[in-house]
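As a plain string of letters, each chain reads:
Number of protein chains: 2
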Amino acid sequence: MTGIIEAIKGRTSANNFDATHQMTHDEIKELVALANETPTSFNMQNFGLIAVVSPQKKAELKAAAFGQPKVGDAAVTFVVVGKMKGNETLPALIKPMLDAGAIDQAAFDGWIAKCNGMYAGKPQAQREEAIRSGGLVAMTLMYAAHAKGLVSGAMIGFMPDAVSKVVGLTDDEFPVMLIAIGRPAAGNWPRKVRRAIDEVVKFA
Amino acid sequence: MTGIIEAIKGRTSANNFDATHQMTHDEIKELVALANETPTSFNMQNFGLIAVVSPQKKAELKAAAFGQPKVGDAAVTFVVVGKMKGNETLPALIKPMLDAGAIDQAAFDGWIAKCNGMYAGKPQAQREEAIRSGGLVAMTLMYAAHAKGLVSGAMIGFMPDAVSKVVGLTDDEFPVMLIAIGRPAAGNWPRKVRRAIDEVVKFA
Chain V
61 MTGIIEAIKG
71 RTSANNFDAT
81 HQMTHDEIKE
91 LVALANETPT
101 SFNMQNFGLI
111 AVVSPQKKAE
121 LKAAAFGQPK
131 VGDAAVTFVV
141 VGKMKGNETL
151 PALIKPMLDA
161 GAIDQAAFDG
171 WIAKCNGMYA
181 GKPQAQREEA
191 IRSGGLVAMT
201 LMYAAHAKGL
211 VSGAMIGFMP
221 DAVSKVVGLT
231 DDEFPVMLIA
241 IGRPAAGNWP
251 RKVRRAIDEV
261 VKFA
Chain F
61 MTGIIEAIKG
71 RTSANNFDAT
81 HQMTHDEIKE
91 LVALANETPT
101 SFNMQNFGLI
111 AVVSPQKKAE
121 LKAAAFGQPK
131 VGDAAVTFVV
141 VGKMKGNETL
151 PALIKPMLDA
161 GAIDQAAFDG
171 WIAKCNGMYA
181 GKPQAQREEA
191 IRSGGLVAMT
201 LMYAAHAKGL
211 VSGAMIGFMP
221 DAVSKVVGLT
231 DDEFPVMLIA
241 IGRPAAGNWP
251 RKVRRAIDEV
261 VKFA
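Same order as they appear, the protein sequences are chains V and F. First residue of the first sequence? That's 61 in our numbering, and the numbers climb one at a time after it. First residue of the second sequence? That's 61 in our numbering, and the numbers climb one at a time after it.
Hint data in this document are derived by calculation from the structure and do not stem from the laboratory. Treat the hints with caution; some may be incorrect.
What the hints assert, rightly or not - Some chain F residues close to chain V (C-beta under 8 Å, calculated; not the full set): (1) 68; (2) 114; (3) 216.
This structure is a prediction, so every number in the text was calculated from the model and none was measured. All residues carry an ideal CB built from backbone N, CA and C; glycine is no exception.
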């Protein structure tokens, strides 16, 4: 078992991956099941994951990511997808809690009303919330990979429209980040330097 | 030791906190030290953390967060701060790697040039990157809290300008999220329902 603190301190961003390593759909779904536990605003779950594993799609995704080798080499490169209009899909997502009696009708209605108040008709708020959720999900995914003895490399260097086309996103979806996951090859960098704690935190 | 997978599966969003629990600055810095290991684009470290602990500031922050009780009750409520213009502060942050010989001058210059290419003069890209970084940092912070036997509750329901004023943010900073951390009180919800895995992931 890998401890959380060990994972937080031990995780580094990998650039070089073992191109011979492949992962089964079940192995990938284990990572997705963990990422799926990530919290989201109002539990909107306003994200999706595309697991790019086929040589053809990896090549296309790599081209959309300025030729970064890890997109092609890693066993899987996830496209972390942000979803607009999360407020519109919320009712169906939390209906099981109403049906199970975990919440009553008033709580259900209030939950949806508050969510609509924050996001309905507000595309910038929707987009920024999807980026925030994507960041939370991506971080969980990287720790999940670490727990499985794998390494990860997050990428923001890609052409969003090209990535959307490669993986077939809808008009209400956009790529928040790419996360390559697999076994490491030689030559990865050690941990990069960080600020001193007193430069990071202020007390109030 | 708490395992990563246990933390990912076991973490829930707390709403009720033990208002008698206080944390020392050193205890809070242990959480910050872990959050500080979070990866950021180009290692810009384009975030800050304000640890709100004083009764006065908690009351002001609570008012800026629509009166949510957890802001006042939790031992600490962090304001996760996003920083614009991260590209401008990058050179000073990675200079230690140049000085230590971890990278050469060409790598140093190229690193900065690529970062400027993505963010210089692009306020939307800067803002979205700060939200993405804030999401990554917030997730690490929540797992760090779990590792310390504490609970956490993330909030997006607040008035950004009011929060900025309460904690004295600069024009280049904005609040990405609030994270209350402390000991739980009774009445917190169990894990909320999630989508089935096959609704979350697609293979390509």
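Report task. Hold the hint about residue 68 of chain F up to the distance rule: shortest CB distance to chain V must be less than 8 Å. Result -> Result: holds, 5 Å to nearest chain V Cβ.
Report task. Double-check residue 216 of chain F for me: the hint is only fine if its C-beta lies closer than 8 Å to a C-beta in chain V. Result -> OK, holds: residue 216 of chain F within 8 Å of chain V, min 5 Å.
Query raised in the report: Taking the least C-beta to C-beta distance, is residue 114 of chain F closer than 8 Å to chain V?
Result: With a minimum Cβ separation of about 7 Å from chain V (threshold 8 Å), the hint on residue 114 of chain F holds.
Violation of the numbered hints given earlier is absent; every hint is satisfied by the structure.
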